[in-house]
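Put together the whole structure using the sequences plus the hints.
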Amino acid sequence: MTEHPERSAQAGGRGTTFLLPSVDVVQLITADGAAAPAGDHKADYPMPNLETLLAGYEQLVIGRRVNDQAGALVRQGRLAVYPSSHGQEACEVAAAMCLQPRDWLFPTYRDMVAVLARGVDPLEAFASLRGDWHSGYDPHEHNVATQSTPLATQLLHAVGVAHAAKLRGEDTVALAICGDGATSEGDFHEALNFAAVFHVPVVFLVQNNQYAISTPLVHQSVAPSLAHKAIGYGMAGERVDGNDLAALLAVLGQAAERARNGGGPALVEAHTYRMQSHTNADDATRYRSDGEVAQWVLRDPLVRLEKYLSDAGALGAADKDRIAAAAETLAKTLRDGLNATTTPDPQDLFRFVYSTPTPQLDEQGRSLAAELAATPTGATS
Amino acid sequence: MTTVSQTPHGVTSRNEFAELHGVQTLTFAKALTLAMADAMAADPSVVVFGEDVGTLGGVFRVTDGLTRTFGEDRCFDTPLAESGIVGMATGMAMNGMRPVVEMQFDSFAYPAFEQITSHVAKMGNRTRGRVRLPLVIRVPYAGGIGGVEHHCDSSEAYYVHTPGLTVLTPSTVADAYTMLRDAIASPDPVVFLEPKKLYFAKDTVDLDALRARHTAAAPSTIGRAVIARDGTDATLIAYGPSVAPALAAAATAEAEGRSLQVIDVRSLVPFDDTTVCAAVRRTGRAVVVAEAPGFASMASEIAARIQERCFHSLAAPVLRVTGFDIPYPAPNLEKYHLPGVDRILDAVDELQWEDA
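Each protein sequence line maps, in turn, to chains G and D.
With my numbering, letter number 306 in the first sequence gets 306, and the count goes up by one each step, no holes.
With my numbering, letter number 302 in the second sequence gets 302, and the count goes up by one each step, no holes.
Heads up, a few of these hints could be off.
Simulated restraints on C-beta separations [said to hold, decoys possible]:
(1) D:313 - G:368: 35 to 41 Å
(2) G:359 - D:331: 55 to 61 Å
(3) G:368 - D:350: 55 to 61 Å
(4) D:72 - G:68: 24 to 30 Å
(5) D:313 - G:359: 52 to 58 Å
(6) G:23 - D:327: 50 to 56 Å
(7) G:370 - D:324: 36 to 42 Å
(8) D:219 - G:329: 49 to 55 Å
(9) G:168 - D:350: 58 to 64 Å
Simulated from the structure, these hints should not be mistaken for laboratory data.
Backbone N, C-alpha and C define an ideal beta-carbon position, used for all residues, glycine too.
Structure below.
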């Protein structure tokens, strides 16, 4: 077994304190849109350049528009459900932007904006929410795994993808997203431990949006922070302002490149807030106050980046028009595509369960076909 | 087959497995080891991992020598966490590998149940066939070894009830080799159930002939039952650890003047309705034998399928001889639980040979 750099460092007397997160949550742009004062950040997280931030801002605006449009489509009955990332768009965009095309993203059900930012076709991505199939896109096309519904399970898949790449000598990084609630699951623990033991290039991004449906973080964990859990596995942890795209790009970018260069996995906890209910089936007013929500409105990720870029002279009226038009084009694509009637083929129920359908599934497929052939068009039994 | 294997790092070492040739007397366990070794030599994407499978060679020694021959990148120990093992295997299979993982005992696979049922079984269907998971989950299962609690479960019902899984269980040394090679070659995930009490059973096999099946792309054993013993009066249908008592019952019955056929199902999913039904239609009588509790079990499924498909050929109801509907008993009591020759022959006697 190869010696872990961390362990070598310990042997060299460096101790393990470098695995602990900074005392201050990493922030590069304040909620007011100003450059943040230097914190105690143990490493230097340089401000991303304006070109990168402008590209990120465009994705934030598009992501917000997608969230709003999807919410409207749920209310119109076009989508079965939509777990919105409204307020968390900076985490979504940064997760996609810090990766190379060859890298892998492991999203959850709430990470549609990250999936789209990776380049997945929007109508293919929304096929699951429309109810046509459980997942509508090819994970291999953009190296985006299916959006995971069972909590924390996908973190282990990211470890496996990274381990396979490592065995082949490829420098692929996997970034896996989960929420604060998922850190209570056994698979969260197993994934972090496996990643550290096998020293594989995985970045774990915990979007701490303060609630697991209705349960606040205090009922999930009494650790000093979720990022502090990293040291228990022998990996570095960091806390970042999850509504500050600049800080997210710096922290996740550094974690990804460190992992790519053989530095092993990292755990990044992003402090953010789910501005809307868990899904349209939830009522967040039952468990949190208007005053609390209002505090987070002031920390909106779009508003602060728009202010910062405008003050820097990097975001003009023409840019805003162009970005708004791009967002509207995507919204129209979603409206048009999701308002169109689709007719999933019932024989698809049997086609994909195995590479070659079993004789039993063939028989059941024929049975359903005969049943449908005997049913008048449009009738339901 | 070459006698030199190559690790990903280019290290070469002697392949002690490739040096075995021709007619050999092997244990069931050694046949499984050879299947993995040959698959690893033929395909660098095949990797083996689990708890204690590396230096130790597994608690049943089924992976003995694989790390020595193929290196730590190809056969390695993991942290002690079954969900982690199966979850990592899922990711590796998504990314071009063919993992073969070992669950140390039947009951110790339960922590991996969510990964198996929610992801391993569903990924191919979820992605419309775009992500197939060619992985094998090896599970030592069933009893008859005097094992303590949590070491003797017949857990097949959980897996056969989960669409998307292929579920195999060999009962002979030759099938141990052939079916594990077929499982590793399958594009779909396989739960490979290994009857613990057979691990050290021996048989003489022609290794060259077994290997030739795989180089010649012979028809897969997946989905194909075999007739383990032919007979004309009634059909015993068994699998895994229950094939041996079924064969013993048939031998005893022959001495008593009754000819019993024995079918080894061996592929639980996909199930070979064709072979089973053709056999039962000829004999007109059937008894299903299995160790697992009978309620809502594989044995129940087999009995139901026969009665749905062969009703007019049946001279008697299909009977089941199974374990009781109890948690697997302590070692000193398991002899009362396991289906044995007497209980099987008692069931055969009840197949309405004469009208009352």
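Output the numbers, in ascending order, of every earlier hint that fails for this structure.
Going through the list in order, the structure violates hints 1, 2, 3, 4, 5 and respects the others.
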